[in-house]
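All chains, full assembly: derive it from the sequences and hints.
For reference, the chains in residue letters:
Protein chains: 2
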Amino acid sequence: MKTIDVCLSPELMHLYPVYDKTVVVVDILRATSCMVTAFANGVESITPFANLEECLKMKLKGYVTAGERDGKKVDGFDKGNSPFEYTDDQVRGLKVAFTTTNGTQAIEKSRGAKEIIIGSFLNLNSVAKYLLLSDHNVLVVCAGWKGKVNLEDTLFAGALVDKLKDYLGPDCDAPLAAQHLYNIARHDMVGFLSASSHVKRLNKLNIHDDMKFCLTIDQFNVLPRLKNGELRLR
Amino acid sequence: MKTIDVCLSPELMHLYPVYDKTVVVVDILRATSCMVTAFANGVESITPFANLEECLKMKLKGYVTAGERDGKKVDGFDKGNSPFEYTDDQVRGLKVAFTTTNGTQAIEKSRGAKEIIIGSFLNLNSVAKYLLLSDHNVLVVCAGWKGKVNLEDTLFAGALVDKLKDYLGPDCDAPLAAQHLYNIARHDMVGFLSASSHVKRLNKLNIHDDMKFCLTIDQFNVLPRLKNGELRLR
Chain V
1 MKTIDVCLSP
11 ELMHLYPVYD
21 KTVVVVDILR
31 ATSCMVTAFA
41 NGVESITPFA
51 NLEECLKMKL
61 KGYVTAGERD
71 GKKVDGFDKG
81 NSPFEYTDDQ
91 VRGLKVAFTT
101 TNGTQAIEKS
111 RGAKEIIIGS
121 FLNLNSVAKY
131 LLLSDHNVLV
141 VCAGWKGKVN
151 LEDTLFAGAL
161 VDKLKDYLGP
171 DCDAPLAAQH
181 LYNIARHDMV
191 GFLSASSHVK
201 RLNKLNIHDD
211 MKFCLTIDQF
221 NVLPRLKNGE
231 LRLR
Chain Y
1 MKTIDVCLSP
11 ELMHLYPVYD
21 KTVVVVDILR
31 ATSCMVTAFA
41 NGVESITPFA
51 NLEECLKMKL
61 KGYVTAGERD
71 GKKVDGFDKG
81 NSPFEYTDDQ
91 VRGLKVAFTT
101 TNGTQAIEKS
111 RGAKEIIIGS
121 FLNLNSVAKY
131 LLLSDHNVLV
141 VCAGWKGKVN
151 LEDTLFAGAL
161 VDKLKDYLGP
171 DCDAPLAAQH
181 LYNIARHDMV
191 GFLSASSHVK
201 RLNKLNIHDD
211 MKFCLTIDQF
221 NVLPRLKNGE
231 LRLR
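In order, the protein sequences belong to chains V and Y. So that you can map any letter, position 114 of the first sequence is 114 in the working numbering, and since no number is skipped, the others follow by simple counting. So that you can map any letter, position 195 of the second sequence is 195 in the working numbering, and since no number is skipped, the others follow by simple counting.
The hints are simulated quantities; they were obtained by calculation from the structure and are not laboratory data. There's no promise every hint is true.
Taking beta-carbon pairs under 7 Å as the criterion, some of the chain Y residues facing chain V (in silico) [what the hints assert, rightly or not]:
| # | residue |
| --- | --- |
| 1 | Leu8 |
| 2 | Leu15 |
| 3 | Lys148 |
| 4 | Leu151 |
| 5 | Asp173 |
| 6 | Ala177 |
| 7 | Leu181 |
| 8 | Ile184 |
The beta-carbon is built from N, C-alpha and C at its ideal position, and this holds for glycine as well.
See the structure below:
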């Protein structure tokens, strides 16, 4: 039986060998939710950057730049980290250079994996179907918040473990913990997360609608995958 | 309101400043359960070591040596890591030098804290009472398994967060996650943990009785505390 494991923080990545694994990077609030929304709305590619300056320089190469730190859009960038900036025709056919507090850092730390795909509640089923057909063991990498474990990414990991439980065995305790938490939260994720630290942080920024949107399951049928340093639809 | 936070793995300790905190180190299976049992049975002191060789050398100074790696007693040491080796008159009045796979490493990584105390289900209430009267914010440091998050230490953290919820506020998402998990598991922790990776590991070593014992709440009214490099009763 293939296995599924969960790395609850990018700061634990050194404990998880990835060279033979399919890595699912998740940053529910909001980087990977934005990316999935952008691909569902026709973006051509998204190039993730860990570093702000390198990302901003991509403007010179004709890229739309998206930059977020501490939940807010960074001055000088075209876009921030709200999924509503990536809907309708706002990104169709464009190339986006993207840097965020946690999500793009998690992608950076996953390099060296057999393959890297982008997960969110919005494309949960697309991710699950892909993993079922893949030959590799799976590692879900939760972006967390500045290295600390967060609830929303853990819930996504739990949703995936739960969905695949008849096909992929949990590799350690983290997938079990995530699955238990998802099973408590699944019928009211917005309510469950209302006490979480990042949701409190986002509520202060008045982006409650972002949160509700990012917790909607199976809104889009897309699967962004990293290839040669950029995300594209497979 | 004072706060309580939970560091789910010693590998995340660099994210948590401890200089102004009371740190509760927990390694339910089985280092801190052994330590608490030993103090309840009259041990004079326990000196924790991260390093095997340094620990073994303490024999020359008249210490009883206890050494465990990968769940098993290490050759040359007097004792291993089963709480049943620390009951009755087996340790009364003795000084023990102790090294384990995870627990003593977690103590090592907590140095620099305002104070360090030892927690387990066996002395849960003693820990909670002490924290209520302390002036400092609290960090529970879960020993985990070789850096990875485990369920049993997370459950203890959750039990403590739950017990103190009217007095100490959660500082981030990890205490909330731990509390949720404890509330699922509390009425049958042995059953809940039967799927966990370390319990499977221990079951192979035929130490199911150790596990049941380590999950017994409030067996002892003792509070080991680190002072000048050694644990003693406060």
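Results of checking the hints against the structure:
no. : hint   : in the structure
1   : Leu8   : 6 Å, holds
2   : Leu15  : 5 Å, holds
3   : Lys148 : 6 Å, holds
4   : Leu151 : 5 Å, holds
5   : Asp173 : 5 Å, holds
6   : Ala177 : 6 Å, holds
7   : Leu181 : 6 Å, holds
8   : Ile184 : 6 Å, holds
Of the numbered hints given earlier, the model fails none.
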